[in-house]
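Asker: Letter by letter, the chains look like this.
Number of protein chains: 4
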Amino acid sequence: MKKTFDVAIIGGGIIGCSIAYYLAKEKLDVAVFESQQIGGKATSAAAGMLGAHSECDDLNLFYPFARSSQLAYLHLQEELKEISGIDIGLTHGGIYKLAFSESDKMQLLPTISLPTVDWFDADKVRKSEPCITSNVMGAAYIRDDVHVLPLSVCKSFSKSAQMLGASVFEFTNVLDMHKKDSSYVIKTTKGSFDSNLVVVANGVWSSTFFQNLGLEQKLVPVKGECISVFNDGVPLKHTLFHDHNYIMPRKNGKLVIGATMIENDWNEAPTLGGVEQLIAKAKSILPTITDLRLDSYWAGLRPQTFDQRPFIGTHPEQDGILFATGHYRNGILLAPATGQMIRDLILQKEVRKDWVEAFKINRLKPVLSRR
Amino acid sequence: MKKTFDVAIIGGGIIGCSIAYYLAKEKLDVAVFESQQIGGKATSAAAGMLGAHSECDDLNLFYPFARSSQLAYLHLQEELKEISGIDIGLTHGGIYKLAFSESDKMQLLPTISLPTVDWFDADKVRKSEPCITSNVMGAAYIRDDVHVLPLSVCKSFSKSAQMLGASVFEFTNVLDMHKKDSSYVIKTTKGSFDSNLVVVANGVWSSTFFQNLGLEQKLVPVKGECISVFNDGVPLKHTLFHDHNYIMPRKNGKLVIGATMIENDWNEAPTLGGVEQLIAKAKSILPTITDLRLDSYWAGLRPQTFDQRPFIGTHPEQDGILFATGHYRNGILLAPATGQMIRDLILQKEVRKDWVEAFKINRLKPVLSRR
Amino acid sequence: MKKTFDVAIIGGGIIGCSIAYYLAKEKLDVAVFESQQIGGKATSAAAGMLGAHSECDDLNLFYPFARSSQLAYLHLQEELKEISGIDIGLTHGGIYKLAFSESDKMQLLPTISLPTVDWFDADKVRKSEPCITSNVMGAAYIRDDVHVLPLSVCKSFSKSAQMLGASVFEFTNVLDMHKKDSSYVIKTTKGSFDSNLVVVANGVWSSTFFQNLGLEQKLVPVKGECISVFNDGVPLKHTLFHDHNYIMPRKNGKLVIGATMIENDWNEAPTLGGVEQLIAKAKSILPTITDLRLDSYWAGLRPQTFDQRPFIGTHPEQDGILFATGHYRNGILLAPATGQMIRDLILQKEVRKDWVEAFKINRLKPVLSRR
Amino acid sequence: MKKTFDVAIIGGGIIGCSIAYYLAKEKLDVAVFESQQIGGKATSAAAGMLGAHSECDDLNLFYPFARSSQLAYLHLQEELKEISGIDIGLTHGGIYKLAFSESDKMQLLPTISLPTVDWFDADKVRKSEPCITSNVMGAAYIRDDVHVLPLSVCKSFSKSAQMLGASVFEFTNVLDMHKKDSSYVIKTTKGSFDSNLVVVANGVWSSTFFQNLGLEQKLVPVKGECISVFNDGVPLKHTLFHDHNYIMPRKNGKLVIGATMIENDWNEAPTLGGVEQLIAKAKSILPTITDLRLDSYWAGLRPQTFDQRPFIGTHPEQDGILFATGHYRNGILLAPATGQMIRDLILQKEVRKDWVEAFKINRLKPVLSRR
Ligand SMILES: Cc1cc2nc3c(=O)[nH]c(=O)nc-3n(C[C@H](O)[C@H](O)[C@H](O)COP(=O)(O)OP(=O)(O)OC[C@H]3O[C@@H](n4cnc5c(N)ncnc54)[C@H](O)[C@@H]3O)c2cc1C
Ligand SMILES: Cc1cc2nc3c(=O)[nH]c(=O)nc-3n(C[C@H](O)[C@H](O)[C@H](O)COP(=O)(O)OP(=O)(O)OC[C@H]3O[C@@H](n4cnc5c(N)ncnc54)[C@H](O)[C@@H]3O)c2cc1C
Ligand SMILES: Cc1cc2nc3c(=O)[nH]c(=O)nc-3n(C[C@H](O)[C@H](O)[C@H](O)COP(=O)(O)OP(=O)(O)OC[C@H]3O[C@@H](n4cnc5c(N)ncnc54)[C@H](O)[C@@H]3O)c2cc1C
Ligand SMILES: Cc1cc2nc3c(=O)[nH]c(=O)nc-3n(C[C@H](O)[C@H](O)[C@H](O)COP(=O)(O)OP(=O)(O)OC[C@H]3O[C@@H](n4cnc5c(N)ncnc54)[C@H](O)[C@@H]3O)c2cc1C
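So the sequence lines, in the order shown, correspond to chains A, B, C and D.
Heads up: the first sequence is residues 1 to 371, going by the UniProt record's numbering.
Heads up: the second sequence is residues 1 to 371, going by the UniProt record's numbering.
Heads up: the third sequence is residues 1 to 371, going by the UniProt record's numbering.
Heads up: the fourth sequence is residues 1 to 371, going by the UniProt record's numbering.
Think of the hints as simulated: they come from the structure by calculation, not from any bench.
Cβ atoms here follow ideal geometry from the backbone N, Cα and C, with glycine treated the same way.
Heads up, a few of these hints could be off.
[Said to hold, decoys possible] Chain B side only, calculated, beta carbon under 8 Å to chain C, not exhaustive: (1) Phe100; (2) Ser101; (3) Glu170; (4) Thr172; (5) Tyr184; (6) Val185; (7) Thr189; (8) Lys190; (9) Trp266; (10) Glu268.
[Stated by the list, open to error] Chain C regions said to be covered by chain A (calculated; three or more residues, Cβ under 8 Å): (11) 10 to 21; (12) 60 to 70; (13) 80 to 87; (14) 229 to 238.
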C-alpha cells in the first residue's frame, strides 16, 4: 500500500473530495482518508440547494464567494460527467423565497435588489405554483439557486480524483497527526502515512484535531432532519423556501422536505419530533402535501462555526496544515470554491485577500453580519 | 403441477393460512392461492394485538368467540414452533386501556367488570409506566390482551400447513370461480384448478367475488397507517391504548404506533397526513416519545363489513362455497377461531349456533351492538 | 369519482402510461387502471436499454419499428421534463456487444453491417474499457443503444398524462370487462367504470382476459433477475452485452448486472440461484467486478408471446378492444412507438400496414425470424 | 451532562454492553462511549451461534470459559427480558457439524468425545434433515450450541444497564485517554470525561489505543460477509456447519448463510465475490437452497488477535486500564463470561488463575493450540 503523499486530506465528504479533485487535476499526489464511506455523513443528508442568493445576505464578501462557487457548477457538470461517468443532477428551476408577512418581505429586500432576482406578488406566485397556500404574500424568485444531487457530486469528485491519480481510503479513521522533520505523520486505524501537507476537512468532526493543533476554535453540530415524499399529484416546479425550511422538487418525481435545526445534537438519526415539525411546516406552505406518500427520512450534522462562516486557510503557525471545514448550511454550494481556494493556497496562486482574511481559522471577529 | 384439491382457499393472509392449517391437520387436501406473497397485505400491516377484551364490547357473542381465539394462541405457540420452526412472538404484558376523562372511564365500565380486567387509578398507572402523560385518569389493565407478530403467525400457519401436505401458490391471482358438475373450477393467472370446496378468504378484496356469487354484501377498506420507533430510552412495559390508537412495545426493543382509520381509501401506502396524526396522538399519550428515532412506516387495508363483524360461514345457496372474511380490526385475534370454525363447518362437526347465525354472510341485522 | 371515459387503459406499466400520454395529448378522455402502483412491475425491473440494434435482428420490420421508438426518446426527454418535471435519465455512451468466439462474431455480422454500428477489435475494446476480460475477441459498438431510467420514464408519462387531463387509478385491479350497448363496462376492485374503448396493456397478466375475449393466444412470463453494485473503482463507460447478459453503468455511479431468463416462473423475487448465475456471468466479462460492493437486487416478469413480438392492434372481432402487450425483453425501448401506434389506430390515422399485420394478436405465423 | 464516572467503557458492541450490564448490577457508576450506534458494528453482523463446542477445540481452558458463557445465557434470557423488555431470541435446536470425508470426521473426534455431543451417521442426519446433500458422511450433533439474536442481546444489555443507572453515549467517538492524577481523562468528540477506570472494548478498533498505551499487540480485522434468504420451502431444524461456514434457521423463518473470512479488509460492506462464495458453499451443503429468495446481506469485522483468543484483563503497568477485546469469531458466545470476568477483576473477586494468564494482553505465547 502506498504510504507517502504530497497532500493528505482528512474527510471524504463533499469538501474533502472537491479538494482532492482540484489538486489531482494539478497532478499533486493526493490521499483522502475517510473513516466510513465517501459522502456518507452531512453530504448525503443535504438537499443540495445552491443557495448563493437565498442563503447569503452579506453581499460584499460571502455572496461573491458563494456565487463564484455556484457558477463553477455549470462547468463541473460536463467535466465530472466526462471523467467519472457520474451525473451530478444539476437542475433548472430555481427557488421561490416566500414572504408571508410584511416583515418577511422586508427581509427579502436586499435579495430582491440583486439583478438575478425578481419579486413576484401572490398572484404571480400562485399562477406559477397553484397548490401553494393562499397565505402567501409574494416571493423572491431566484432563478439561479438551482440544486444538485449532493452524494452524486461527492462521488463524482472522488471518482474523478481517482481517475486522475488520487488515492481514496475508505473505512480509515484518522486518529492524530504530528510533525516529523519536514513532513507529517498521519496516524489512522489502518496504520501511519506520511505527507507534506495535511488538509483538515472532516466536517463537524474537524474540531477534534483543533486542541492538539493549539487552536481554541470549535465546531458545533446543527442537526438537520429531512423527509421525502412521492409526488404523484401536486404540480411543483420551483423549490419553495421559507425560514430555513423548504420543499424541493427532485428530477425523479419526489419532493424533499427540509430541514430542522437542532443545535448541539450529535445523533445522526431523525426523531419523531423532527418529522412532526417538518410536516407541520410543509403543510403550512403546500397544504395538499399531506396527501402524498412518505418515501424516506434521514438526518445529518451541519458543521457550525462561531460566525457560521467556514474555516478555509492555513494554520496560523504551521504552514503544512490547512483547514477546509465549518461549511454549516452551505457546504454543497461552497464545495467548488473551497476546493479551488485550497488549491490556490497550496500552489501559491493568487487568492482574494478579503477571502483569506474572512475565512482564516484564527479570525477574531465574525465574517460581517451573521444571520 | 397438481390441479385438483378438496378445498381451494382464496387468499394467503392470516385468515386463509389459518384455515389451511386447521384443514391440513385433518388430512384434507388443501390449496392456498395468493395473488402476491403470503401475509403481504393487511396481515403484515397489523400490530398484532389480541384484543379480546379491548376490542370487543359485546360480551355475549363476539367476546366469547374472540376470547376462545385468544386462548387458542396459547397452544398454537408451541405447536406451530414445533412444526414450522417459526416463533409467533407471543408476549406477556397486556394492555392499559387509558381513560383521560370521566366519559372515557364510563365507556370502560363493561370491560372493567370482567374478571380478567382491573381498574388502575392514575397513580398506579404512572407508577408502573412513569413516562405516561400526567393527563391520564386511570386505565383498565387487561393482562390477557397480549400481542403476536402477525407475519410470523401467518408464515408459520402457511409453512406448517405445507409440512402437513397443503399446497401454497404464491403470485397466483384468482380471477373467478364457477361450478362445474359437482365441483368448482378456479380460474387463476396460472391456469385453472378444480376443487370440491372453495373458501373465499382474500380480505378486503373478497367482495370482488360477491356479485358473481349473487350476493349484495360488500367490504369497504379502512386503511390503517403505522410507524415504529427505536426505543432507546423510554421504559414501557404495556401497550397503551386509547380511542383506536396505541403504542405497543415489541420484544425487539421497538415501539409500534398505530393506527389511523381512513375509510374507503384503497391506497396501501402511508401519507404525510397520516404520519402527522399518529405522532400527535402518540405524543398526547407518551410525551417523551418525540425524542425517539424513527424506524419504519407502513399501511394496510382492514376489511370492513356493514356491522364490523366478520363473514364466516357457508354461501346461502351453494354448499360448496364458504366465506371467511371481513375481519376488520381483529383478524389477527380471530384467525385461530375462524380456522377452527371453517374446519368444523366443513367436517360437519358441531358449531355454536349463535355464532353461525351471527357471522353468516346473509345476516340482515348487525351482530348486536356495533361500536 | 369520474366513472365514464373515452378510453380505459388496463395496466399502468410503461406501455399503459405511454398510451395514456399520447392519447391525453390528443385531448382524449383517458383513464389508467393499475392494480398496484404505477410502474411497479416489469417496468421497474428493467435495465432500460434502448436496444434497437442489439436486440433486433430482423432488419425489415421489427428493427424499423424499434428504431423509430428509440429516436422518439430523443424528443421525449425534453417534452416530458417540461410537463412533468421528471428527468427520464437518457444517457450517452452506447453498447459493446461482445464477441468471445468466431461464432459470436458471425452472429454479429448483420448488426455490424448497419451504418450506425462499428466493429472494434480486441485491442480497441480493451483500450476503451481496460478492465474487460482478455478473452474478448472484439465487439460491435452501437452508439445509439443508450439507456433510460425505466421507472422515471413511466412516472413521467403518467404524470404528464395527468397534467393533460388523464385519470390514473392506482390500487385498482381490473377484474373483467364486457360490452354493454355501444360501450364497455370495466369491473374493478373499486367499482365499475364505462368506456368506449378499452386498451389491454397489463403486461404478462394481459392474457387473463384473452379467454373471455375469445382469444387463444397466451403470454408466458420470463422472469428476469438483476443486481446492482456500487462502482467505486472499475472504470466503465459503455454497457457490455453478451448473450442476453449485460453490465450497464448508470449515471449515479452504480453498475446494473442483468438479467436471467427463467421461463414460466411467476415469482417476482430473485433467488439465490439467479444471483449466483449473474455474478458468474459478470465475472466472465469484467473480472474485477467481484471486488465491488453489492447495492441491491430485484426481479420482474417479461411478457413473452409465442414469437417474442408484441401484440399491438385491435381485437379481430370487437373494434372497441385494443391490445398493447407482450413486449417481452423490449418494452422500454418500444413504449413510445407502441403509444403512437395505438393513438394512430384509435384516431384512425395512417399506420404502416406491415406493422399492423405483424403485431396483430391473431397473427398465425411468427413475426419473421425469431431469435 | 454528567462528566465523571467510576468506569468508562469504550465501545458499545456486545462486549462493552455486557460489561456495562454486569457493573451496573453491582451499582458502579458506568458510562459507555460508542462512536456510532449501540451494536452497529461486528455485533449486528454476527449470526449469533453460541458455539462453545463447535468453535472451541481446546478442552482445558478455552472450552470451559466458553461453556460457562454459554450456560450464562440460560439465565440471562429471563433476567434481561424482565429488566429491558427485550427478548434475546435464544433458540432450541443446536448444530450439526458436518463431515464430508474421513479427515473431516477425524477432526470432529475431540468434539464427539464430549458428553453433550453425539455422532450421527449419514442416514440419521438425512432422516432429520432430508434436504441435506447426499455427500454428507455424518455429523457431530451438538444440542447446546444454539443461537441468539446478537443485536437484541446487545441492546438488551445496554438498555438494562441504563435502567440500572448506567449512562450510554452514542455518536461519541473516543479519541484518546490519559492519566491525570489518580484518574483518567477520556477525550471524545463530545468533550472530555473523567473516570477512575477505563475498559477498552471497542472491537477491532481497540488496537488504535494500544500504541499510546505502550503495547505492541495489535488486532487484525477478519471481514465476514453473510446473506439471508426467505425459507419458504426447505425444512431445516438445525444449524448446518462445515469449515467455518453455516446455514442457520432463524425463528422468523429465514435462513442465515455465513460467513466469509477475509483477513485485513477494513471495508464493512459485502462484495460480489463474497456473495458468490457464500452461495457456492451453501449449495454444496443444501442443494435446494438456490431456489430460495434473497432477503438481505451484510458484513462485519471480526477482531482477531495473534492467537485468535481474546484479550481480557488489566494493563500490565497501569491498574486503571482494562481490556476486553479481540473476541474474533466468538464475541457473542463469550460476552457474558467476559462481562463477568471484568466485573470480578474490578471488584477484586476471585477469578480463575489460568484464565487470567491465558487472556492477559501481554501474554507471549498463544493460548494453547490455535486453530
Ligand atoms: C439536512 C441538511 C440539509 C442541507 N442542505 C444543504 C443545501 O441544500 N445546500 C448546501 O450547500 N448545504 C446543505 N447542507 C450543508 C452541507 O451538507 C454541509 O455543509 C456539507 O456536507 C459539509 O461537507 P463536509 O465534507 O465538510 O462534511 P461531511 O459531509 O460531514 O464530511 C466529513 C467526512 O469526514 C469523515 N470523518 C470524520 N472524522 C474523520 C476522521 N477522524 N478521519 C477520517 N474521516 C473522518 C466523515 O465520515 C465524513 O464523511 C445541508 C446539511 C444538512 C444536514
Ligand atoms: C394498521 C392495522 C393494524 C391492525 N392491527 C390489528 C391488531 O392489532 N389485531 C388484530 O387482530 N387485527 C389487526 N388488524 C386487522 C388485521 O390485519 C386484519 O383483520 C387481518 O389481517 C385480515 O386478514 P385477511 O387474511 O383476511 O386479509 P389479508 O391479510 O389482507 O389477506 C388477504 C390476502 O388475499 C390476497 N388476495 C386478494 N385478492 C386475491 C385474489 N383474487 N386471488 C388470490 N389472492 C388474493 C391478498 O394478496 C392478501 O394476501 C390491523 C389492521 C391494520 C391495517
Ligand atoms: C430484468 C428485466 C430487464 C429488462 N430490461 C429491459 C431493457 O433493458 N430494455 C427494454 O426495452 N425492456 C427491458 N425489459 C422488458 C420490459 O421491462 C418490459 O417489456 C416492459 O416493462 C413491459 O411493460 P408493460 O407495461 O407491458 O408491463 P408491466 O410493467 O409489467 O406493467 C403491467 C402493469 O399492469 C398491472 N396490472 C396487471 N394486471 C392488472 C389488472 N387486472 N388490472 C389493472 N392493472 C393490472 C400491473 O400491476 C403492472 O403495473 C426488461 C425486463 C426485465 C424483467
Ligand atoms: C459475519 C460474522 C459472523 C459472526 N458470527 C458469530 C457467531 O455466530 N457467534 C459468535 O459468538 N460470534 C460471532 N461473530 C463474532 C462477533 O461478532 C464478535 O466477536 C463480536 O461482535 C465482538 O464484539 P465487540 O463488542 O468486541 O465488537 P463490535 O461489535 O465491533 O463493537 C465495537 C464497538 O466499538 C465502537 N467503537 C470503535 N471505536 C470506537 C471509539 N474510538 N470510541 C467509541 N466507540 C468506538 C464501534 O462503533 C462498535 O460499535 C461473528 C462476526 C462476524 C463478522
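Asker: With reference to the structure, classify each hint as holding or not holding.
Answerer: Hint check results:
| no. | hint | verdict |
| --- | --- | --- |
| 1 | Phe100 | 36 Å, violated |
| 2 | Ser101 | 38 Å, violated |
| 3 | Glu170 | 7 Å, holds |
| 4 | Thr172 | 7 Å, holds |
| 5 | Tyr184 | 17 Å, violated |
| 6 | Val185 | 12 Å, violated |
| 7 | Thr189 | 5 Å, holds |
| 8 | Lys190 | 6 Å, holds |
| 9 | Trp266 | 4 Å, holds |
| 10 | Glu268 | 6 Å, holds |
| 11 | 10 to 21 | violated (count 0) |
| 12 | 60 to 70 | violated (count 0) |
| 13 | 80 to 87 | holds (count 5) |
| 14 | 229 to 238 | holds (count 5) |
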